[in-house]
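Just so you know, the sequences run in chain order A and B.
Using our numbering, you'd call the opening residue of the first sequence number 1 and step up by one each time.
Using our numbering, you'd call the opening residue of the second sequence number 1 and step up by one each time.
Derived by calculation from the structure, the hints in this document are not laboratory data.
Hints may be right or wrong, so weigh each one.
The list treats identical chains as one, so a pair stands whether inside a single copy or across any two.
Stated by the list, open to error - Derived BS3-like pairs (lysine-lysine); straight-line CA-CA distance at most 30 Å:
#1 Lys350 to Lys280
#2 Lys350 to Lys420
#3 Lys4 to Lys414
#4 Lys272 to Lys183
#5 Lys239 to Lys280
#6 Lys420 to Lys259
#7 Lys120 to Lys4
#8 Lys350 to Lys29
#9 Lys123 to Lys4
#10 Lys339 to Lys28
Now for the letters of each chain:
Protein chains: 2
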Amino acid sequence: MKSKGVKIGVIGCGTIGTGVVKCLLENKKYLQRHLGFSLELVRVADLYPRKKRDVKIPSGVMTKDSNAVLNDPEIDIIVELVGGTTFAKQVILKAMKNGKSVVTANKALLAKYGLELHEKAEKNGVDLYYEASVGGGIPIIKTLREALVGNRIDAIWGILNGTCNYMLSKMTDEDLTFDEALKEATINGYAESDPTLDIGGFDAQHKIGILASLAFGQWVPQNKIYVEGIEKVTDFDIKCADEMGYVIKLLGIAKVENKSISVRVNPTFIPKTTMLGNVKDAFNAIEIDGEPIGTAILTGLGAGMGATSSAVIADIVDIARNIASGSAGRLSALTFMDKELPFKKIDDIKTRYYLRFRVEDKPGVIAKIAKALGDRNISLSSVIQHEPYSETKNVHATFMTHLAFEKDIKAAVKLINKFKEVKAKTTIFRVEAD
Amino acid sequence: MKSKGVKIGVIGCGTIGTGVVKCLLENKKYLQRHLGFSLELVRVADLYPRKKRDVKIPSGVMTKDSNAVLNDPEIDIIVELVGGTTFAKQVILKAMKNGKSVVTANKALLAKYGLELHEKAEKNGVDLYYEASVGGGIPIIKTLREALVGNRIDAIWGILNGTCNYMLSKMTDEDLTFDEALKEATINGYAESDPTLDIGGFDAQHKIGILASLAFGQWVPQNKIYVEGIEKVTDFDIKCADEMGYVIKLLGIAKVENKSISVRVNPTFIPKTTMLGNVKDAFNAIEIDGEPIGTAILTGLGAGMGATSSAVIADIVDIARNIASGSAGRLSALTFMDKELPFKKIDDIKTRYYLRFRVEDKPGVIAKIAKALGDRNISLSSVIQHEPYSETKNVHATFMTHLAFEKDIKAAVKLINKFKEVKAKTTIFRVEAD
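Using the sequences and the hints, build the whole thing.
Shown next as structure tokens:
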């Protein structure tokens, strides 16, 4: 064990960086008692070193020059919090080359270059930890890496994007439209000025890719992940879901079935009396189904200074323990299995579906649709026909199916959309229910 | 690192022991790849070595003699799964004396002798890990020990007893009476032949004591924990709760407020749209409120071979890593704070209350009760008067209070119980709601 403690450099001192610096300085004594040695914050680099921050950084620690941190031979651990995928990658690679372990919260970077970064960490004998990249303060990566190490994981899925969950919660609980919910999310700081990354499902795509890679022991490239955002969710669908006992959540879903892997992000119907169905606002939740554990669900705030810096500190502490005991690099989150499994195409998945048809209000239409579905081996668990619109003779007919193949659903709906009684493109949602 | 792997002895090979042995043998290759060294199951002791088990134990491993395991100089880790608090304690102390680290799932033993066992572990320079003692497969102890190490924890609370949760779920979802629910729990293997430990709240008392000790950094003796079981919960209370938007759950609750600690177990009203309100059947769930993390909730199966053996394996792996890196004993779950906080008596807690009065159906009764409450500074958030019983002129009046001191509630209810219009002892439940 080093007598003078483990030395830390932080690069990028925005909101999260400030939270991390604050925790390292203010909880120093407590962390030391817990670890048996100290964590020393040696350098902090930021483009705006003089910016006012909610923490007093000791003199001589702050610098504008990230190289002053990366090349400091004293530093053991680099905390990368600059964001983006270009400069951040250079920072991490240089840190590793200089023999330093790395903590990052950068999910976009990991989703894009995770495999390469893991290989570089291994080559340089350093640790690469990134608890804060998924689920904010939720210790999901540590749980996969350590607590569930004796398990075979069959599925990992959950609510991974706080912005979408906030919007869908508002639409459900306060009857807002999509646009009203987006506006409220923006005003309250839950949505970026360009919300595409969140509402398009791409942030959840990054996260489910990381989780699936760790859970299944093989790298899941982003282009193997099917993505649908929440743009298509209307307040009317949310009402229909409610009527059937469901809520709509944006889920990232990764499963191993019949020796192949399917990974996708889509707005999903889930029963409102489940735990995930009651994860509201900006909370995240991740369910793991494995053997022998059965089911475990972890939930918490998915973002924000507090949750994220808690996760960054946990990584720093874990790496510091590795360093102090002379065994950096010994427990990678990513352990490869013997054999890689193939990826399933979206058309080949089998799940339940909710279908909403807008049709003319006349006899035989429902039967005609039901027959078209039946012809494709799609069986129904419930059908509801809604009152006609006041201004037209159209009605909504909603169908909930039993398990069916995606390709059969698509083929049936393609056919049904051509019926003259069908007056709008059919709405399709996937359903997760036991 | 040892070249020949870390060596494990198991004492007690019942259901959980069999699960652990199975996992160690069947996942050996996978665990080795993950750890970089092997976990070797060297000896297993059980009173019934020839009993038929769902795993093939290699010859020469099984013995009737626990001393043959405890005194084997090769063995690094002893897994104690005999249960009880007498022989189990001897096993653990002897293992530690012989320089072996210990994994146990024995919550009753830890609740009773946890402080002494931690001191002995420290003195002997070995690890004492016990993930499986609370929450089955849920990695709650690891999370407190490692993932939340940078946090100050203000509250830890949750559903800790699967039997009670199963019974209350049945009463809520299937309208069973308490006796019917208990019968069903017994038939389905969720309740022991003597269910007192579970339904009396004592199992939850063991668990919340362990969790509170770890979360707050000071030992919480069992006699500082106030306990109420679920025997008093009637199907009528469950219906009243439902009407007000609540469900009844048996919660273990530990909080730090105004620099003192309160720890208790009691059936509790919680809103049915919360996550904890939707934790059903034999599931457990634990919520942690801390700074900076905010809120995190972990949930999963609270018992059973799969979940419990997953937790035992996680402990074995953690200790094996400590041993392999030459640093056993370096991270105790129990880290003491600078200063011990005093414990709060139940009369001094402040929470919300549900009160159900059975009263004569005549004018002015409700007002008289409300005044008696108001005189003690107890303000009301809702009042519901139910239809009279068919056979009597009695009605039920249910009151939900805002935050109030327990001693004020007790004094007011004592007074009200003396009113001639009040026809039965008043029912009181504590309420957790924001």
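Structure-based check of all given hints:
no.	hint	result
1	Lys350 to Lys280	both (27 Å within a copy, 27 Å between copies)
2	Lys350 to Lys420	within (29 Å within a copy, 65 Å between copies)
3	Lys4 to Lys414	neither (69 Å within a copy, 62 Å between copies)
4	Lys272 to Lys183	both (25 Å within a copy, 29 Å between copies)
5	Lys239 to Lys280	both (17 Å within a copy, 25 Å between copies)
6	Lys420 to Lys259	neither (42 Å within a copy, 72 Å between copies)
7	Lys120 to Lys4	both (28 Å within a copy, 29 Å between copies)
8	Lys350 to Lys29	neither (53 Å within a copy, 32 Å between copies)
9	Lys123 to Lys4	both (27 Å within a copy, 25 Å between copies)
10	Lys339 to Lys28	between (44 Å within a copy, 17 Å between copies)
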